[in-house]
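Put chains B, C and D on the given structure of chain A with help from the hints.
Protein chains: 4
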Amino acid sequence: MPQVVFSLDSTKKFTEQAIVGHNRWHGDIPAQVQVKPGDSFRVHCREWFDGAIHNDDSAEDVLNAPLPAVHVLSGPIAVEGAQPGDLLIVDILDVGPIPQEDSGPLAGQGWGYTGVFATKNGGGFLTEWFPDAYKVVWDFMGGIATSRHVPGVSYTGIVHPGLMGTAPSGALLAKWNAREQALIDTDPDRVPPLALPPLPDSAVLGSLTGADFDRVAAEAARTAPPRENGGNQDIKNFTKGTRVFYPVFVDGAKLSMGDLHFSQGDGEITFCGAIEMGGFMDLHVDLIKGGMETYGVSENAIFMPGNVDPLYSQWLAFSGTSVTLDGVQHYLDSHLSYQRACLHAIDYLQKFGYSAIQAYMILGSAPIEGRLSGVVDIPNSCSTVYLPTAIFDIDVRPSASGPAQVEQGMSVPTASF
Amino acid sequence: MPQVVFSLDSTKKFTEQAIVGHNRWHGDIPAQVQVKPGDSFRVHCREWFDGAIHNDDSAEDVLNAPLPAVHVLSGPIAVEGAQPGDLLIVDILDVGPIPQEDSGPLAGQGWGYTGVFATKNGGGFLTEWFPDAYKVVWDFMGGIATSRHVPGVSYTGIVHPGLMGTAPSGALLAKWNAREQALIDTDPDRVPPLALPPLPDSAVLGSLTGADFDRVAAEAARTAPPRENGGNQDIKNFTKGTRVFYPVFVDGAKLSMGDLHFSQGDGEITFCGAIEMGGFMDLHVDLIKGGMETYGVSENAIFMPGNVDPLYSQWLAFSGTSVTLDGVQHYLDSHLSYQRACLHAIDYLQKFGYSAIQAYMILGSAPIEGRLSGVVDIPNSCSTVYLPTAIFDIDVRPSASGPAQVEQGMSVPTASF
Amino acid sequence: MPQVVFSLDSTKKFTEQAIVGHNRWHGDIPAQVQVKPGDSFRVHCREWFDGAIHNDDSAEDVLNAPLPAVHVLSGPIAVEGAQPGDLLIVDILDVGPIPQEDSGPLAGQGWGYTGVFATKNGGGFLTEWFPDAYKVVWDFMGGIATSRHVPGVSYTGIVHPGLMGTAPSGALLAKWNAREQALIDTDPDRVPPLALPPLPDSAVLGSLTGADFDRVAAEAARTAPPRENGGNQDIKNFTKGTRVFYPVFVDGAKLSMGDLHFSQGDGEITFCGAIEMGGFMDLHVDLIKGGMETYGVSENAIFMPGNVDPLYSQWLAFSGTSVTLDGVQHYLDSHLSYQRACLHAIDYLQKFGYSAIQAYMILGSAPIEGRLSGVVDIPNSCSTVYLPTAIFDIDVRPSASGPAQVEQGMSVPTASF
Amino acid sequence: MPQVVFSLDSTKKFTEQAIVGHNRWHGDIPAQVQVKPGDSFRVHCREWFDGAIHNDDSAEDVLNAPLPAVHVLSGPIAVEGAQPGDLLIVDILDVGPIPQEDSGPLAGQGWGYTGVFATKNGGGFLTEWFPDAYKVVWDFMGGIATSRHVPGVSYTGIVHPGLMGTAPSGALLAKWNAREQALIDTDPDRVPPLALPPLPDSAVLGSLTGADFDRVAAEAARTAPPRENGGNQDIKNFTKGTRVFYPVFVDGAKLSMGDLHFSQGDGEITFCGAIEMGGFMDLHVDLIKGGMETYGVSENAIFMPGNVDPLYSQWLAFSGTSVTLDGVQHYLDSHLSYQRACLHAIDYLQKFGYSAIQAYMILGSAPIEGRLSGVVDIPNSCSTVYLPTAIFDIDVRPSASGPAQVEQGMSVPTASF
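Protein chains in written order, with our numbering: chain A, 130 to 546; chain B, 130 to 546; chain C, 130 to 546; chain D, 130 to 546.
So here's chain A without its partners, still in its complex pose (with noise of 0.2 Å):
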């Protein structure tokens, strides 16, 4: 086990912990921990919501969760030596829930949730038709997650940060306020939101204080997005083993992560989220000097992938289509043909027993595949998503015997306002 160098207790909230994070993305935020190139160490993660989603059977901590306090990251960790232009190499050496604790209050104690949405609070990738909050719990054990709320499936976890990246440079960070407030100024008072501007309510920004914590506060990006940076690229195979060259913006670097997911499918469709976690990181880092300019990665992170990701064989696909559920053709729009896709998927599953929110918690949880399998045939993408089908107890298969059926237990917990 390499050395911590970024701690935390379970018991207690993020900002008690020794080291305080940051939940925006801002250059000034000054790095907790120092590492060198080709140094190795651990980094706890804390879940999220910073414990706020619990263990139960209801949805109303997901109808009430804290966005404002979304992501609460671990760092800001400067590297030495590293320096804008540079690329700042990080190998997953491993990560996983909470080590040592299999039992608790906290996700990533043997546990973890996957939620969506209410539609006011930022929904989900198919809100129109699942416009509550909703929660499952998964139990962990062996590495493979199963869930009293969704029958009949157990996935070997992928797990990964969905969250990782640098810090970003003064202009950077003007630039993504601006794009992105350009674009809710086209739609202010839009439910959900089009996108995020900075928010001081809620902001963790590490040891900064005063005058200081107030002018990054009004500043600082909020972390939903992925960008330049990486960020929230939610890429569900940044799994162990896993190396990710990151663009570095500023001195030191100042890597940041947290977001752990055990388990998710391509998209995170149900965007709260994942399966969500806390838990730790093993990472090595190094760096290629003046690596942005020598391989062309300018506002990108780039990766390859580990290789002991669970291996399936046998998948069945659903196909999608850029036209709406009410007949509206749209040009080329992948979104909206995964969208369709993923739907295809519900109704399918349903035909086996599920519940359609029990089918839309699997397309967001398993290691599912989502595909942009044709993006130039006017005016029609094709988007698809694969299921393994080795996820699932029954046979899922089309045969002419028809669909087995699977054994309901306990519902989905579900919450309005």
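Don't read these hints as lab results, they were simulated from the structure.
Please read these numbers as outputs of a predicted model, since none were measured by experiment.
Among the hints, erroneous ones may be present.
Going by beta-carbon spacing under 8 Å, a handful of chain D positions derived as facing chain C [to be verified]: (1) 353; (2) 467; (3) 480; (4) 513.
Once the Cα atoms are required to be at most 30 Å apart in a straight line, the calculated DSS-like pairs of lysine-lysine come out as [claimed, not checked]: (5) A:304 <-> A:418; (6) A:304 <-> B:249; (7) B:165 <-> A:480; (8) A:141 <-> A:304.
C-beta atoms are modelled at their ideal positions from N, C-alpha and C, and glycine is treated no differently.
Using the frame of chain A, we list chains B, C and D on its own:
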């Protein structure tokens, strides 16, 4: 080898064959061939431009490609007993280039091509950056493609039909035409157009003649987009061993297929297209009577991919978000974020000595994977594109020693209006 | 399709073909075909018993199989410039059943067979428990084999040549004959024999005639065993896409091949054999001049398997140790421990309704893996045999609900002296 | 983390622990721990030599290894309700090095070792060519092993227990002792010995004392070989996610385990051994009552490997036949043919700058595959050994440009009597 039920002579044009296929969708195009559930049979398929694209070093043919005449399809094939509401099971027993012909002037005779249309001809996924017409030619040997126009890469073929589907009912066809015309009407003069309306010019409708021909030609849908009947889905995973389930909308199902690809990346981003070729398909069909209702499949093909695709274990991946190159923030636009991911990959490959168009051609034709990684993190979606490192002769991984350089030979043929 | 350099007519016997191959190893058998490094070419291959085994429900043909006449090989093929000390690179571009012929009396025409010899004919790996002659017939469709004699299984073909190799030099041949005769001499009357000495009876030696024929027939080695030149290695992983490196012992290398298999388990434990068939191979050859010394390859073929074999992700495995069924302890005998592992698998499969011989046939013909798991733990070696569960229609995993039962149809044809 | 039921303190010897395990097999060794079907629990395991092998650059410790004291096992663990005739299901939920301890003097604390015994101590699979004692030390980081004694290789761990099994009944134990003594009696003075008889010296028998200890010590079987109860099978595929089914021979089943390996090649050809270490196992147990009869499993463990092993897609393979290096022909001896395949691989790797012993160490510790490719082609069996090319930093494929050379550092520690 199963019996050939739809035979083509490589030396004759599509309209001069013993059985003439079709290039429009309409339920009234008579079935040319009758098969029974449980039958296995072979179908020959013509390359989608009917031989207009040549094995040479010029892109003039792509610039002047006969767009109204695509896609030249084999079929319709009636399946005995198929009725609206059934699911048609289609097993792809085998699919490959033109059998026993490994040289000749027709794509599929030992070679294939990847093209990019000029913008005014429809462009491609990245037409803003690649406005001209381009072409590269690939040679097939031992199931592997290499190109004199793209150095240092070789791909094991993932041969598949870009297009396969059942015939639409009259009501379904009317729905298609109405919704697509409505889209066109929003910007009727756009170049490239938003959608393609019915076009009697160059229509080929099997055995139809006279007034029937005229009526059907005026109504029949173009084959470019994927729709409820499957159609031009361009799903690269329809390889040997795949089982597809199609909704049946008319008596006999009336299955048609074509647009064979030797290889393709997710999205077929080059548009003209994958590695295009003529060839054959060996198919087995069966029915699930009433399967559409039984399995909740009303308007999309579902499928189970085969298990003999080339296995890769190391990938280099690039991410993109829904911000334009000009810095404009879009809202959860996965199409845009996939463009940005692809552009990032192109930037990167240029550092290894590839030209931009060569890199684009690789992304369009190699077995790359395009994923909808994050679709909820407002305002940015996150799309990713994965390149198998094994397709490159040189090591394309980032390292402290900097990028190796491919040895350039012939450049990519280009043509413009 | 590459040019056919060694053509066979399915309607004619091996000795009546336009080019007559050979069924013994000797450096003086003249090359029938000349190719150059860099060439690609097609070779037809006859099934190893030259059509003596029929597509019927009797095992009399296996009982009376013409053993002295095997293996009927295609070749020798001289490679221009090849000299002793070189490594001959052979790329298996493609390999399959008889092209364009999917029905007919010859194995490879849409069907193949797996046999077990009676003990006095050579038996099989488990001849003590299966002393008679047995045969099952497999039908090929879409690259998948099924059998009327073995219910409830279907295998995706892993087509490969059981036998391929270069010609021995005179010195090497003399070494073979001497060491094998020495073994025979230790128990010359054993049934089955310990080894097979040269046998002029039924020898086919290409274009040789007269005194040359007589001399060579008296010296030439039988083709049964693998040796320094490759030969009858029966490595099931010589599938499409494989690159093999053979030592060159004579000028021109004199490559020969045959004994095609549609599928086989590790070990080819049924002996007669895998799923046997005639067919074709598309090959590409090249040379590494002086490669034997450069790479330390003096007396064995080395190879790199292809990447398009069927992917399985779930296996059921059985172990065995080197103790006989009678309870006698042997010392680190991996042959025995593999027998015991296979017998354990056969015991197990019988609980699912298979007959013992059906289970044996499955192990011989399905893509099972046989591993030398432990070879040092005195006195027991540990061998293991892995069955992909996906080849079975029923669930063959152990569970509290007990074994499902396959539905039996036709039993396995059996014959005895 | 499941509850620890068998805890070890890394600073104390095996016999000084709170619960003392055992190093012999006997049904009368009392269970130390009681679990129930359905339970999950953690077990600590001591490295097999109880700390006698050090993280240094000398092989004296391997030369003088305390052989009578192996293997130090954790257990026996009684499973409530288990009776003779049942199948005990053991799920390997997780397995790894010593948790939370990544440095220290005990193998498993961030490091492990691979050794080869001197011939008089038992040697290894290739002891004729490697008669001395050798040792290499591996460092673990991020689930990957590298060694200062073996340049240019790194392996993703395939962590597994070399040894796990149930206790024998009295009758079964008597059978073991009788058959192994009979083998020893055929050559009682052989070096290394043919088998290991019961040995009271150094016996550790859990809580037994006094006359019971003496009686059991005189009867109990050594742990070196695999037997009907599983035992020291050294199956490298018992990785995380594996389900094993053990026959139950005594009330409570009395499961024990140990001899953890960070990585191993098929065969564990180095004998001392794989990459040896102490660590932990998380297990889940269940019963199939009467399962031995139901499933025909009487005298072997059957298993289903997990699905998270590292994925490799390119292999370089070597073949061998059953002819000795001196040219003596053996009859279908797969042990010999695997030796020859391994020696061929060693010859080959030396051309890349490896010493012979380094190559041997790679084969013993890397995730190589050893296959029984042909076992019927008299007189030669054909065994093959597959090396994943991705474990090497340099390109180890044969090519016209000749072998690259690894950069040598520290040589392999060696010691001899």
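Against the structure, the hints:
{"no.": "1", "hint": "353", "result": "5 Å, holds"}
{"no.": "2", "hint": "467", "result": "5 Å, holds"}
{"no.": "3", "hint": "480", "result": "5 Å, holds"}
{"no.": "4", "hint": "513", "result": "6 Å, holds"}
{"no.": "5", "hint": "A:304 <-> A:418", "result": "25 Å, holds"}
{"no.": "6", "hint": "A:304 <-> B:249", "result": "33 Å, violated"}
{"no.": "7", "hint": "B:165 <-> A:480", "result": "28 Å, holds"}
{"no.": "8", "hint": "A:141 <-> A:304", "result": "36 Å, violated"}
The structure is inconsistent with the numbered hints 6, 8, although it conforms to all the rest.
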